[in-house]
Amino acid sequence: MSTPSAPPYRRPPPRAWAFVVPWLLGLLVFTLYPFAASFAYSFTEYSVLRPPEPVGLANYAELSGDPIFLRALYNTLLFAALSIPVGVLIAVGLAKALHAPIRGTTFYRAAIYVPHLVPTVASAILWMWMLNPDNGLLTSVMRPFLDPLGWKAPSFMQDDRLVGLDFKNRQVIFGALPSLVLLSVWGCGQMAIVYLAKLQDVPQDLYEAARLDGAGSWDVFRHVELPQLSPVILFNVVMAIIGTFQVFAEPYIMTGGQGGPNYATYLLPMFIYDHAFDYHRMGYACAASWILFGLIALLTLIAFRIGQRRVYYAGA
Amino acid sequence: MADVVLKHVRKVYPGGVDAVKEASLEIADREFVVLVGPSGCGKSTTLRMIAGLEEISAGTIAIDGRVVNDVPPKDRDIAMVFQNYALYPHMTVQENLSFGLRLRKLPQEQIDARVREAAQILGLHDLLQRTPKALSGGQRQRVALGRAIVRQPAAFLFDEPLSNLDAKLRVEMRVELNKLHQRLATTMIYVTHDQIEAMTLGDRIVIMSAGEIQQVASPLVLYDEPYNAFVAGFIGTPAMNFFEGTLENAAQGVVFVGGSGLRVNLPDEFAARLKDHAGSAVRLGLRPEHIAERTSARPWPQAASYRARVEVVESLGNEQLVYLAEGPHRFVAKVDAHAPVAAGQQIELLLNAARAHVFDAADGRNLTCRVERHLPAASEKAAPA
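Protein sequence lines correspond, in order, to chains A and B.
The working numbering numbers the first residue of the first sequence as 31 and each following residue consecutively.
The working numbering numbers the first residue of the second sequence as 20 and each following residue consecutively.
These are calculated hints, taken from the structure and not from any lab test.
Predicted model, so just to flag it, every value in this text is computed and none were measured.
You may find that some hints are simply not true.
Unchecked claim - Here are the in silico distance ranges between beta carbons for each label pair: (1) B:GLN171 / A:PHE265: 52 to 60 angstroms; (2) B:ASP131 / A:THR136: 24 to 32 angstroms; (3) A:PHE251 / B:LEU239: 44 to 52 angstroms; (4) A:PHE251 / B:ILE215: 36 to 44 angstroms; (5) A:GLY246 / B:GLY34: 42 to 50 angstroms; (6) B:SER76 / A:ASP249: 26 to 34 angstroms; (7) B:GLN139 / A:PRO38: 50 to 58 angstroms; (8) A:ASP231 / B:LYS187: 30 to 38 angstroms.
Unchecked claim - Short, incomplete list of chain B residues facing chain A, as computed with Cβ under 8 angstroms: (9) SER315; (10) ALA316; (11) PRO318; (12) TRP319.
From the three backbone atoms N, C-alpha and C, an ideal C-beta is built for every residue, glycine too.
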């Protein structure tokens, strides 16, 4: 048996460097250097105005007792724990709905994808209006139902609580952090389109075999469609872990840079931004960044570990 | 075990495509019936209507005496084997085999027993913990068969199950399917475009073309007594030769006159049926094995002589295929392996007139066919051995 051999290696001509160097420089200066530098700065007290002074693990020690940092960490974890599963569930649900043979699927597909195309700042401002407790769209929609009962609509971004019913004040609770989750789920159309593409890829005869085997629609979803979707779900979950831990613009804009009310929407990236650029504690911010990085890496690893057991990959 | 009866079944797809124009068929209990025909003839659609995967536009389908038009596939008591196997890719062989039984909430020990039995019949015990992607094509097809067997259905449906296998494996699986039918003694309905599969597997063969059943008969009857020119041309390799010409009433009986000196006296048996067609355009059908080189021919009691030029000779070892031409006629003869023929030669031929068929040139009907278009199941053939 002969295997086709790769063409022999030829050293590229010197002018090849001219094409590669600009990109390499960019990588070095804007990615690798800051990456390494931030790690080094995380062990220093560095105000940007004066040279950094080594402080060992002091930044990390201080972070572990900093109530604002711990609140930001808790908020970030809670935000991820809510928005990722809800986003996946809704995206899969939308994909299932769009997979059904209904009229106007092209329109619906476009409609659910549009939010993904709206710039972050624009969507944040749009949602500030939608969630306005006085005259926002959601309030206006809820009032006709709540007013007759004597209940008040949620205050959304002005409430630091989560979700529930306030019987004392007769108000529906839907707080600032859940509102952020709502905004992030609003953009799940892109995920839904990917799930839809995968669903349309499921061989027709698998559906037919399942029907003959006596599978109802839930069985078909559970035993035919979900296994085929699982690698895409894993991919989306990993991307979502990376993405949600870095959410910054939306809460920053919607709370005027405060992360309020009462730190309810204060996420780790905002904490890092404030300490680096407002309080001039670059070393402290770098330490927080590395904790954020470690958290993302750890959760991604866990997702992959679970994925290895639960995800079915097609092909040989 | 069940009989399957189709009455005036029709399938029109949205957009007006008439996939099955009219299909009436009675499949006996324990019979192995093969639906065969070229692509687009409606054979798969017919099978899928029996399975319940396609709605029936008109007519009725009854399984075991019960009309199933509105019965969902899972309640029809049938199992189907697909061309692409349709195994659940994330399940092991064992899970694939037991899936349908688990959905039906059978007791676990019964599921295990049935899976064990199917695995034993099909030689799958060593593969039970593998997933389909770790199996070869032949093994996958066996699992697909096993999935049908564990269901213990009233009827098995096969949709071109061997098409994705290589030639050697196809022959092996054909033999296995035959054995399986004998062992399970269950009604089997099998769709294929491969006439060899049809001939070797079927108790009866249903030949379809353009959405209509052309003929229903056992393999041999189909071969010897094709109802029309389509069936005659579809069954047999190389295909039957057709000679254009007319019929004449002569002193010695009815004679086929084909031009370029081709004259064939037809058997007296057909005289009564053919004499009214004198003068009308017909096609004479003759299978390649009924044309022989004169010196090496077997003695045929009623043979016509002819001369033709050899264009190509294909030697197959046990026989030779000789491609001949004379005037407007192009035809093939299957002759003795050692008959002295060579390309470019003019050779003397004998045509076996007793086995000739005469087809109406207009509608293709076989004027010499001795059987009905639809033959019922021969009960002694359908019974298990």
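Hint check results:
A hinted range of 52 to 60 angstroms for the beta carbons of B:GLN171 and A:PHE265 is inconsistent with their spacing of about 41 angstroms. Range check, B:ASP131 to A:THR136: Cβ separation about 49 angstroms, and the 24 to 32 angstroms hint is violated. Under the hint 44 to 52 angstroms, the C-beta atoms of A:PHE251 and B:LEU239, about 50 angstroms apart, fit the expected range. Here the CB-CB span from A:PHE251 to B:ILE215 is close to 41 angstroms, well matched to the stated 36 to 44 angstroms.
At roughly 30 angstroms, the beta carbons of A:GLY246 and B:GLY34 sit outside the given window of 42 to 50 angstroms. The hint said 26 to 34 angstroms for the Cβ distance between B:SER76 and A:ASP249, and at roughly 29 angstroms that hint holds. Remark: the range hint 50 to 58 angstroms for B:GLN139 to A:PRO38 is upheld by a beta-carbon distance near 55 angstroms. Here the CB-CB span from A:ASP231 to B:LYS187 is close to 32 angstroms, well matched to the stated 30 to 38 angstroms.
Checking B:SER315 against chain A: minimum C-beta separation of about 46 angstroms lies over 8 angstroms; hint violated. The closest approach between the C-beta of B:ALA316 and any C-beta of chain A is roughly 50 angstroms, which is over the 8 angstroms cut-off, so the hint fails. Hint status for B:PRO318 relative to chain A: violated, with the closest Cβ pair at about 54 angstroms, above 8 angstroms. A least Cβ separation of about 50 angstroms between B:TRP319 and chain A goes past the 8 angstroms threshold, and the interface hint is therefore violated.
The earlier numbered hints that this structure contradicts are 1, 2, 5, 9, 10, 11, 12.
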